[in-house]
Amino acid sequence: MAMDSDIKLIDENGLRLDGRKFDELREIHIEAGVLKRADGSAYLTWGENKVMAAVYGPRELHPRHAQDPSKAVVQARYNMAAFSVPDRKRPGPDRRSVEISKLLSEALEEIVFVEQFPRSAVDVFIEVLEASAGTRCAALTAASVALADAGIPMSDMIASCAAGKIDGHVVLDLGKKEDNFGEADVPLAIVPRTDRVTLLQMDGDMTAEEFDQAMELAIGACKEIYEIQRDALKRRYSTSLEDYEDNEEDE
Amino acid sequence: MNEKKKRELLLPGDIIEEEDVRPGRGTYRRDNEIHASKLGVKTFRSGYVNIAAQSGRYDPKRGDKVIGTVTDVNSSIWMVDVNAPFPAVLHVNDVPWRVEFGDTISYIDVGDAILVKISNVDELKKVQIRMDEEGLRKLNSGQIIEIAPSQVPRVIGRKGSMITMLKNYTGCRIFVGQNGRIWIDGDLEGQYIAVKAIQIIEDKAQAVGLTEAVKEFLKKETGKDLDQEE
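Protein sequence lines, in the order shown, are assigned to chains A and B. For the first sequence, counting from 1, position 135 maps to 1427 in the working numbering; every step adds exactly one. For the second sequence, counting from 1, position 116 maps to 507 in the working numbering; every step adds exactly one.
For reference, chain A alone in the conformation it holds in the complex (with noise of 0.2 Å):
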């Protein structure tokens, strides 16, 4: 039933075009704290993608009209740099930017115990440096390491990937070529504590059985990517803990 694409994605000898197996990521890399003058950041490199997260807030929102009285609104913006891509990148906001910064922005928000900043706003910019597919999944597990930099209250944090089908097969988080020339994308978002799915979207077609797997393959990922996420903020404070203590004021 395999679609006959013009290029071949998998060898005879079952592996993919970069020499991974079905269920192998690409290799990640976060590290958090990078950015001074934010709240919080994080830089991730997640094979060729490269993107850096930085987070202000809570602060207050303006314009007033769009606070909440009630929570914090959460406000990610994610961008593509005009040499993120092999042709350039018309800068500015595009259909497909925008509609990303509201999946992210929806997803994040889900974390964040919003209620306890009324009228406020959490600023999460995203700034994709070099970008070869799942750039959004990037951009939240990013995010999210960003968010936790920042000191702001959440529930947990969220881990993202991508699952898909390529000549027939089911694999873990496509590549460049994956994604074009492939047959179907299911980026999936998780809180990985509560197993809650916090972003799913679903790109080409696959069987119900197809998608099953591809959800058991990307939640898998997600739980191996918390942890380098975990990894990457212990890294970054482990050092400042040796004998902290909570003292009065005085003057």
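Bear in mind the hints are in silico, worked out from the structure with no lab data behind them. What you are looking at is a predicted structure, and each value in this text was computed from that prediction instead of being measured. Heads up, the beta-carbon is just placed ideally off N, CA and C, and yes, glycines get one too. Wrong hints could be hidden among the right ones.
[Unchecked claim] No more than 20 Å apart at the CA atoms, straight line, and that leaves these computed lysine to aspartate or glutamate pairs for EDC-like:
no., chain 1, residue 1, chain 2, residue 2
1, B, K550, B, D513
2, B, K595, B, E612
3, B, K516, A, E1352
4, A, K1526, B, E399
5, A, K1328, B, E593
6, B, K517, A, E1407
7, B, K516, A, D1360
8, B, K452, A, D1386
9, B, K456, B, E524
10, B, K452, A, E1304
11, A, K1515, B, D405
12, A, K1328, B, E537
13, B, K517, A, E1352
14, A, K1363, B, E491
15, A, K1526, B, E408
16, A, K1526, B, D405
17, A, K1526, B, D472
18, B, K516, A, E1407
19, A, K1328, B, D594
20, B, K456, B, D485
21, B, K517, A, D1360
22, B, K517, B, D485
23, A, K1363, B, E514
[Unchecked claim] Anything over 10 Å on all C-beta distances counts as not near chain A; from chain B, calculated:
no., residue
24, G404
25, Q445
26, S467
27, N484
28, S497
29, Y498
30, D500
31, G502
32, E524
33, I538
34, E607
35, G614
[Stated by the list, open to error] Chain A is faced by these chain B residues, among others (derived, beta-carbon under 7 Å):
no., residue
36, L402
37, K429
38, S437
39, G438
40, N474
Position chain B relative to chain A; hints supplied.
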């Protein structure tokens, strides 16, 4: 109790495994378990377990003494920025002077720095402050620097050891607001050294033996050796 023991870093969502405690600041309860809601270390106070945040903005709490700057004035209140997500309100009844209605501006003007106490934070996060207690006042001289609110305990030091040392060596008057703003007043040379020393504390907050490192710096810069004099 836990001398020099390296504290465990908790991340948002982590379960706090403690018996007989109630969830305090920086925590939440779910399914009978207490979880951390912020990145930090756990501390205990009167039956509550709290998370002492290691990062993040200032979270106003009643009783904190903070340094604010006035952003707006009208006939009966001053709006004050205390470095929190929410503006704070200073009412004419809560200042040490008897202010005639509409005469607020002649006492405190926009841009003035004041040393105040948080008198109340309600559920809607309306922050009220007061200036009519001892030690609270308008700051007319000196300079104000800002550090991360999570580093405030470090600048103060164990039982105020760090701040006392800073004052003794530099001869400056220093006040550390809980909101991360520090007021320093004294001769310019002393102020300069104090600012430098606080930068060292902020940059090297992690280093073991921080007090010693800062003392070395102060000795070198001021040419004093207070250990010898005693």
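field: Hinted pair K1526/A and D405/B, Cα distance within 20 Å
entry: Distance of about 13 Å is within 20 Å: holds.
Cβ separation check - Q445/B to all of chain A, threshold 10 Å: violated, 5 Å
- prompt: Taken at face value, is the distance from the CA of D513/B to the CA of K550/B at most 20 Å?
  reply: The hint is violated at about 30 Å.
task: Beyond 10 Å from every chain A Cβ: check whether that's true for E607/B.
output: holds, 18 Å
field: Check on G404/B being off the interface with chain A, judged by Cβ distance over 10 Å
entry: It is violated; G404/B is separated from chain A by about 3 Å at its closest Cβ, not greater than 10 Å.
message: Between the alpha carbons of K452/B and D1386/A, is the straight-line distance 20 Å or under?
response: violated, 42 Å
message: The output says Y498/B does not contact chain A. Does that hold with a beta carbon cutoff of 10 Å?
response: Nearest chain A Cβ is 22 Å from Y498/B, so the label holds.
field: chain A contact restraint for L402/B - C-beta distance below 7 Å
entry: Hint holds; L402/B Cβ to chain A Cβ min 6 Å, cut 7 Å.
field: 10 Å Cβ clearance of D500/B from chain A
entry: Non-interface label stands for D500/B: nearest chain A Cβ at 22 Å, farther than 10 Å.
- prompt: Within a Cα-Cα threshold of 20 Å, do K1363/A and E514/B meet the stated pairing?
  reply: holds, 11 Å
Straight-line alpha-carbon gap K517/B to E1352/A, limit 20 Å: holds, 12 Å
- prompt: Can we keep the G438/B interface hint, with Cβ of chain A closer than 7 Å?
  reply: violated, 16 Å
Going down the numbered hints, you'll see the structure goes against 1, 8, 10, 14, 17, 24, 25, 38, 39, 40, while the others check out.
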